[in-house]
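**Student:** Listed here are the chains, written in short residue letters.
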Amino acid sequence: MGQIMEQMPVVIEALNVGFLQTLKLFFVTLIGAFPLGLIIAFGSMSRFLPLSLFSKFVVWIIRGTPLMIQLLIIYYFPGLVLHNPIWGGGETGRFLAASFSFILNYACYFSEIYRGGIQGVPVGQEEAGLVLGMTRSQIFFKVTLLQMIKRIVPPMSNEIITLVKDTSLARIIALQEIIWAGQAFMKGSHGISGAIWPLFFTAVYYLIFNGILTLLLGRLERRLDYFR
Amino acid sequence: MSILEAEHICKTFNHTEVLKDISFSLEKGQALSVIGSSGSGKTTLLRCLNFLETPDKGIIRVNGETLFDADDPSTRQEAAIRKKRLHFGLVFQSFNLFPQYTAIQNVMLAKELLASEQPDYRARKKEIQEEIRAQAESLLVQMGLENRKDNYPHQLSGGQCQRVAIARALALQPDILCFDEPTSALDPELTGEVLRVIKELADENTTMVIVTHEMAFARDVADHVIFMDDGIIVEQGDPMQVFEHPAEERTRQFLSRFTKG
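Chains as they are written, first to last, in the numbering used here: chain A, 14 to 241; chain B, 144 to 404.
Source of the hints: derived by calculation from the structure; they are not laboratory data. Where is the CB? At the ideal position from N, CA and C, for every residue including glycine. Please note that a few of the clues may not be correct.
Said to hold, decoys possible - Only some residues are given here: those of chain A computed to face chain B with a beta carbon under 10 Å:
{"no.": "1", "residue": "Gln138"}
{"no.": "2", "residue": "Gln151"}
{"no.": "3", "residue": "Lys163"}
Construct the complete structure from the given sequences, taking the supplied hints into account.
**Tutor:** So, in structure tokens, the structure goes:
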């Protein structure tokens with residue numbers, strides 16, 4: 014126990030650096046996947062059959078395979094097979110590849126949530142707007158949008174919390190996120206080696222961050238509770 | 144001149160003819176009841192009048208102006224249809240109130256959006272909004288909902304929701320107000336309050352088309368009755384005549400189901 018207290022300041026500092034990378038990947042994924050998911054959702058709802066089939070095909074591939082395999086393929090395939098390492102080397106290259114994989118993966122999940130939200134608003138809402146002489150864009154922004162948001166917040170919250178933990182998968186391409194930083198103390202890092210507790214301790218970071226997210230998302234859900 | 148004329152309206156869904164050559168007219172200030180069993184085409188007829196469905200054939204005229212002519216593609220343009228819809232108001236069976244707005248906001252929304260497109264809106268914004276609010280308040284008073292104006296739809300009973308929906312339709316001052324089975328989604332004890340409001344509108348000579356399953360009400364409120372069956376108008380005329388002395392066997396059969404019970 015005494016030894017842990019001794020190692021604590023060094024470990025915390027290293028874990029903080031790793032967690033910063035975790036947070037970066039988390040936010041970049043959200044910022045990219047929110048709009049891309051909407052585009053894919055509109056794609057799969059399109060009446061233009063080739064576009065709809067293509068969107069559904071992509072969603073099937075991405076949701077049907079492990080994110081870990083997607084990370085490996087997206088990071089290594091261009092360099093090792095095509096001999097064209099598009100991501101570049103080092104931590105920047107790994108971060109770019111990880112961001113691309115995560116955005117694509119989460120956009121596909123989000124697209125299905127958006128689709129459910131859009132199709133879940135009763136058609137009578139749009140008809141009521143039409144007979145009141147509203148334009149389609151007025152109906153979307155003034156009538157259906159908020160009802161969609163209300164519908165997608167709970168399933169979206171689930172995905173967002175899963176994303177926090179999924180960022181740890183980027184460890185597989187050696188992205189220096191918090192799991193990587195915790196594991197480093199086993200082999201030796203910052204003058205400490207053979208310590209496994211820092212790896213276990215990373216769980217606390219996830220737990221606290223997810224706790225904060227749960228509170229914020231719960232508040233958002235309650236803000237939308239005033240109507241049904 | 145009739146305020147509304149519908150001529151030879153036909154509509155087919157997936158090889159099923161729902162409306163087969165429907166023609167009728169309506170005088171200003173009159174109430175028209177459309178009766179008939181489920182699936183007879185009544186609702187589709189109302190939806191055609193409100194441009195929620197496009198008839199395959201036929202002509203719709205309001206005040207002599209041709210709003211729709213199946214043979215004239217220029218009457219089908221989306222932008223033009225939007226303005227034409229304003230001749231009609233529609234009260235739905237399932238209310239379709241906007242859940243995120245209060246009763247008064249539901250009544251005001253469409254009018255505010257229309258007003259915001261006026262060129263002088265920015266200069267007179269406050270004044271215009273005051274007018275719209277005052278009008279919405281007086282409509283809610285007329286509906287007996289002055290104490291409910293700040294409630295959200297989920298806080299209201301079905302009958303109150305439907306009265307808000309009627310106020311919402313009236314706010315745009317349509318030439319013809321249509322009702323699509325306005326009490327069918329209501330508990331029996333709540334239908335009375337909605338029917339009373341519609342009756343009051345009839346007494347004020349609001350031009351109305353009412354699709355209903357409430358036979359006593361149809362007979363009481365209407366100046367003219369249409370009985371539809373299987374996509375055609377079987378019989379139409381004065382309510383006394385249609386209800387008391389139906390000329391057609393099918394009308395008699397349909398009505399007997401209500402008198403027996």
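**Student:** Each of the hints needs a verdict: does it hold here or not?
**Tutor:** Results for each hint:
| no. | hint | result |
| --- | --- | --- |
| 1 | Gln138 | holds (6 Å) |
| 2 | Gln151 | holds (5 Å) |
| 3 | Lys163 | holds (8 Å) |
Going through the hint list in order, the structure satisfies each hint without exception.
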